[in-house]
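S.K.: Chains A and B, in that order, are what the protein sequence lines are.
Sequential numbering of the first sequence, starting at 1, is according to this note's numbering.
Sequential numbering of the second sequence, starting at 1, is according to this note's numbering.
Calculated from the structure, these hints are not laboratory results.
Errors might be hidden in some of the hints.
Between beta-carbon pairs, the in silico distance windows are [claimed, not checked]: (1) B:Tyr-198 to A:Lys-185: 38 to 44 Å; (2) A:Ala-165 to B:Val-240: 36 to 42 Å; (3) B:Pro-233 to A:Thr-166: 26 to 32 Å; (4) B:Glu-51 to A:Asn-127: 53 to 59 Å.
By construction, the Cβ of each residue, glycine as well, lies at the ideal position given by its N, Cα and C atoms.
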Amino acid sequence: MQPILVFVEQANGQIKKTSLEAVSEARRQADVIKTEVVALVIAEKADAFIKDAGSYGANKVVAVEGADFKEYLTASYTRATLAVVNSVNPMAVLFSATPNGKDLAASVGAELKISVIQDCISLNYDNGAFVARRPIYAGKSIITVKALKTPVLVTLRPKVFPLGATASQTPSVEKLAVSLTADDKRVKLKEVVQSGQKKMELTEADIIVSGGRGMKAPENFKVIEELAGVLNAAVGASRAAVDSGWRPHTDQVGQTGKTVCPTLYVACGISGAIQHLAGMSSSKCIVAINKDPEAPIFKVANYGVVGDLFEVVPALCTELKKN
Amino acid sequence: MNIITCIKRVPSTETNVRVGSDGKSLETSGVEYILSPFDEIALEESLRVKEKLIAAEQSGVPANVGSDVTAITVGTPDAATTLRTCLAMGADKAVHIKDADAYKRDPFAVASALASVIKTMPYNLILCGKQAVDDDNSQVGAMLARLLNIPFVSLITKLEISGTNALVQREISGGYEVLEVTLPAVLTAQKGLNEPRYPSLKGIMGAKKKPLEEKTATFDSATIETIKMEYPPSRPAGRVVGKGVEAVPELVKLLKEEAKII
Ligand SMILES: Cc1cc2nc3c(=O)[nH]c(=O)nc-3n(C[C@H](O)[C@H](O)[C@H](O)COP(=O)(O)OP(=O)(O)OC[C@H]3O[C@@H](n4cnc5c(N)ncnc54)[C@H](O)[C@@H]3O)c2cc1C
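Please build the complete structure, drawing on both the sequences and the hints.
M.R.: Following this line, the structure appears as structure tokens:
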């Protein structure tokens, strides 16, 4: 049986949690199909990632190493992935639906002449073919699709696929030498800028506290930040708050912002327009704080508090700290 | 400098999605269509690049003469309306790869049709939206770059052209990267790159006289098949815990004991 290949993504020298989710899902699929999981590691030095990939279920790691692979660049990572796909001949290649995962999957897809099933929320092997479910219209609908060609290329939405049990097996390791062409070097990374202190990525956060137009001014977001601090949460915003220049574009949640599915989403001073709901309504629990009892956000909120956020949010901080 | 912007006609973001009678596609009756928001950002950037080059030329800096912005789509016959919107915003011409089945096409089929037509056109820069807001596929840009064998950068939030290079910022988890790209290249637009303009009345009038060329292309067969389309699981009806600060202790208790999330 052909193996399942899973792309392992790293950030600051560590495997991303979403990639461990992907390895875990590859393991579950492989157990059903009775095949092996091969992890693909592309890095300057791969050794640090091998153990983790193995402990979540990879039987084998194929590593492409070298200074050329220190940072993610579409062309070099595509070259490396294609070399490994040719070498292991997988039935499926799994990526995380992160910015780089989606970017790489599409680029590899073009070379293989296969469309990618992006942002899957479930995957099944059924009668010799992979069937996946994925949200469209920013989650306003879910489609079920079937892959008609192999390998199937899928990206898995972060935080949807659970981590598997850890095993103590050590995977076998193969290092594959891949050299780049001049064409692969036409994009050069000049600088990486991390914004501020360890900013939590919205799509990967367990808890999000968001503010909308009801915040009234940028400095008022300190109320939101305080609550986020107490809950160890990321801060999000509605488009109204972003377009007013109160928050950076990267904080926007919604159809033209980020699609998020945290365990808890706290919406403060957000009315709940259809485009905002599209991005956050798959959150497991939604809390809404809004002074307008008619605000549509209350229709989707598990728990709503009708009131002035400038009173309710600080009170919530105090109450949470008490416990 | 010839700039190509790939665009898509999509249902408005206001659309309440309804499943059609075939059980696997959108019920289109009563749906309004718009230029996909990220494509709108890509087109705006193309226009700004052109305007900067013209301004530089006027102030004596020799620039590439004949800057030209072309909007191109693989679209159903009614996508011509959306191309007219692009012309009204300021694109110089439009190319319509007409395809009655456009909404059912795979990303690879769309990218290869675009590539086959773009190959016959002069270009220095290609801008696309990071994803269309209907199928949320985010792959046509990356595929197009591969098919044309030119460099690719996704999710750009800043663009500066200098000669035959571009300096771009690209959004990454928790920050951004600065990259230098040789042109021609494909770049995909992320929110934050710019604020798109509205078409002016003069633009709308002028659009009627601008060239809109129709092309045909052959499409690769599908590699993914849609089996069904459903609604997301419905949420339990919302519940108001109470009013004002008095509701806070109850809220915290519910989050702890009922939802068990804190
Ligand atoms: C093409 C397109 C794409 C879009 N994409 C997005 C998107 O990705 N994300 C997004 O969010 N929006 C998006 N929108 C915009 C969307 O339609 C709404 O305009 C936006 O979500 C409104 O933001 P808001 O809820 O913060 O503001 P408003 O709708 O103005 O609501 C503010 C709320 O704050 C409440 N409030 C005010 N003061 C207080 C107070 N002191 N205490 C408590 N409550 C208070 C009010 O009662 C009100 O309900 C998009 C729109 C378009 C056309």
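S.K.: Look at each hint and say if it fits the structure.
M.R.: Hints versus structure:
A beta carbon spacing of about 41 Å between B:Tyr-198 and A:Lys-185 agrees with the range 38 to 44 Å that was offered as a hint. Checked against the hint of 36 to 42 Å, the C-beta distance between A:Ala-165 and B:Val-240 comes to roughly 41 Å, which is consistent with it. Judged by the Cβ atoms, the range 26 to 32 Å given for B:Pro-233 and A:Thr-166 holds: they are separated by roughly 30 Å. With their beta carbons about 56 Å apart, B:Glu-51 and A:Asn-127 fall inside the hinted range of 53 to 59 Å.
Checked against the numbered hints given earlier, this structure breaks none of them.
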